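S.K.: Given next are the chains, with one letter for each unit.
2 protein chains.
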Amino acid sequence: MNGAEALMHTARTAGIDVCFANPGTTEMPLVAALDSVPGLRGILGLFEGVCTGAADGYGRMTDRPAMTLLHLGPGFANGIANLHNARRARSPIVNLVGDHTRSHVEFDAPLTSDIVSLARPVSGWVRSNRAADDLAVDFAAAARAALGPPRQVATLIIPADCQWGKADGPAEIRRNAAAPVDTARILAASDELRRAEHPALLLGGTALREPGLRAAARVAAATGARLLSETFPARLERGTGLPRVERLPYFPEQAIEFLASIDAIVLAGAREPVAFFGYPDTASRLAPATAAIASVAERGEDVAVALENLANALDAPPTAPPGADAVLPGAPAAGPLEPQALGALLARSQPAGAIVVDEGATTSLPYTLAADAAPPHTVLGLTGGAIGQALPVAVGAAVACPDRKVIALQADGGGLYTLQALWTLAREGLDVTVLICSNRRYRILQIELARAGIAEPGPNAQSLTDLSRPDIDWAGLGSSLGVPSRRVESVAELARELAPAIAAPGPRLIEMVV
Amino acid sequence: MNGAEALMHTARTAGIDVCFANPGTTEMPLVAALDSVPGLRGILGLFEGVCTGAADGYGRMTDRPAMTLLHLGPGFANGIANLHNARRARSPIVNLVGDHTRSHVEFDAPLTSDIVSLARPVSGWVRSNRAADDLAVDFAAAARAALGPPRQVATLIIPADCQWGKADGPAEIRRNAAAPVDTARILAASDELRRAEHPALLLGGTALREPGLRAAARVAAATGARLLSETFPARLERGTGLPRVERLPYFPEQAIEFLASIDAIVLAGAREPVAFFGYPDTASRLAPATAAIASVAERGEDVAVALENLANALDAPPTAPPGADAVLPGAPAAGPLEPQALGALLARSQPAGAIVVDEGATTSLPYTLAADAAPPHTVLGLTGGAIGQALPVAVGAAVACPDRKVIALQADGGGLYTLQALWTLAREGLDVTVLICSNRRYRILQIELARAGIAEPGPNAQSLTDLSRPDIDWAGLGSSLGVPSRRVESVAELARELAPAIAAPGPRLIEMVV
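Chain order of the listed sequences is G and D. Here the first sequence stands for residues 1 to 514, numbered as in our numbering. Here the second sequence stands for residues 515 to 1028, numbered as in our numbering.
The following block holds chain G by itself, in its conformation from the complex (with noise of 0.2 angstroms):
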């Protein structure tokens, strides 16, 4: 058995089955391994982001982690952005790096890279691995850190000849302990909650589940707090029977207003709540500074028991699932393709149980709002901002819940950047809906050079933030690398295709030119 071998077989063993590889030379005795060992699924992206960022999606959807595989440094740094996101959304992933051979780096030939530094700000947790026997320990020391608690990015940069080199055996995967949630934090968060007159609860993280989502509605029937999430959840469980949370907005001033009347914030898996950047003559912090704030659990504990405890110790009863206030928003009949007939209509066809990966962008909010009665779902959002998100996800969250749907809510700027996950969807067979928001610009770059005070933007800033001239034919591209593509132009035609292409069973892609 060889270094690459012992490693696979420690994965097995830990019932990690998946991996999203794009390998190089420096990788083949890892490729090679992966037929070792019966139940590996070996999955190629043709573009390292779509194998960081569908180890994301799989990751947020079954809190197990894939394993990516990626070539030397240039190949990580292609799935950099993707870890990023990763990495807010606190997903479980263990990237395997292929390196030169140990007595061939000193000769810095051309792929040479120091892969430590570009790793170290994505990952948890690095590690260089230094010799073939070691390679099985390392290995499970990776898929322990990254298993957590708490989850997240680790990253193991393999020597090519240590995983060609003769090795023992597979090595065990120890499990860390689960911190125990800190009774005085929660006796403090429901002092806190008491106390105030205003008060809210903010949800991140596991907390948007539904366990956590039932004990934070228990918390605030008890208290009259409202409940807040982060504006870009890692994975929200919503839709008819499940408690209803509000949205913080991403612009800085709505905000602020939206919690200007807050006295106190209870934290629940996020963090307090900041700007997503600094703007001039505004605060990065967005609660009022009179506001207290408090937290019922730190990373590494389990925030959804954490809610249910404080639930207990506020006495609070068992809440009714949320009445039928919420109703789908009527979606017109023909018309131009905009944002709120869009979110309408997609929110009336999305089928029980889907899976929505929303990088919509300024596309995306109607939906979001009209989705709070649609049925039950996830979504899963843009955690670190990182754009190019949505279709790795995609491919991710549907290899990982092959029984539901999935739907890539894409908005063509960013989907531009990740275009190739198009072509992993097609070999997979992966029942995913692409819908890419088309509106042929960086939106959200006019919106700020506006807010810039840039009126009228000269010419390189008007080109910089255009994508037309030549328009892009997604159409045409989701059908070269292998999906069947529409296009629509109007609310009409969004009707006629929508639903079909959701009720086909594999990849379908619709560019809605809004």
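Derived by calculation from the structure, the hints in this document are not laboratory data. The structure displayed is predicted, hence computed values, not measured ones. Using N, Cα and C, we set each Cβ at its ideal position, and we do this for glycine too. Hints are all accurate, no fakes.
Cβ-to-Cβ under 10 angstroms is the rule here; a few derived chain D residues that face chain G:
1. T745
2. G792
3. L978
4. G990
Pulled a few chain D residues facing chain G out of the computed Cβ check, cut under 10 angstroms:
5. D987
6. G992
7. S994
Start from chain G and add chain D according to the hints.
M.R.: Same frame as chain G, but now just chain D:
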């Protein structure tokens, strides 16, 4: 004048006039400032690797830096692979990377990232600007570092508030003095050449341009030295009338055999030859252990001058241009489209003065051999081995040299990493013929699997090295991104399509199914 405007004025006074950009919110004042001074051209890439590769191509052809404009850590990270190639090509580039406002960093907002850690591995020079008033001076230092000598990649990180903050005005860009050529080194090299029975000159960097080549040819004629070039030259001038060089083979066994009889190597702008990757039982050093090694110039010295001094030290007379012994191979009129036929057809079709960006991978060797007898042309090679270079570098070469035809010979696997470059070709109307070598596999990895003794790859190894299922429609991708595109599947079809595509002004794409 704000900091961003002071920076752009400084750039203009230094003759920097192109900015390959993919900006985000933290770069908006820099985007606006591109319109604050006449003569700056912002060129949009839809993915950061397009911008950095374009800056590399521009730098190789002009010896002047283009700017790139990139967004925080994840955006910069998307540009790293082609910056890696640029670093190996010693291209001058100034990266401008926006960052959060100085006061916003501590809040660890979603896009906060360790940009310095990401930038260092690909940047010879990195600085984090700290004040609007320093921005022009910091930019001047970045430009000086990029311009060299030695030329290099320089990365300047700029907080958003320093971009919009008040600044005094532009700064002056000083230049490094060229290091004088070291006479002792020249004399030592000439001694080695005189002493050796089978000497060779290994040329790299700027030694592969016409002055260096002509001086090297004098040395070769006087000493009997073979003229060799690096495997992946940054920029090689070749074709009829230019001294011919032998290209060092890629695989180490072949390279070792190629160098076996040599007893002295004089390096000129190149480093000691080492294998691209380490393999079991194969040395990393390619030259015989007994061969003497000398170098005529170190980094930062003018290698063409050094070669002329060497020729003079050897009393080498001027040489006549090489005779007509190199003849273009005949091209078949029909048959399957194999690399041999493709290479002959291309070598016969390329116009004088063409710039050939070569990332044909396993397809391009026959072309390389055939083009010795083509009209004078420039070859830009895959210096760092990070695939996905040719299309972006073609963008930059075409912007740099609007009067020359650019031909991008791009393998399909590598092309998929940065296919977004096709759209920039279309938007800017660049005179580039894109030739996709579509063998629908990672052929090099299949070769590496075989070299590793894996005669019958398992299903995962097969799947991860195969680009079919589904086949990718490159002609469709090109058309969808705005480039008139065709697919050819035989010699006859390529013979019919190639000349008109090259003759047409502006971008064209031919997918060659090989």
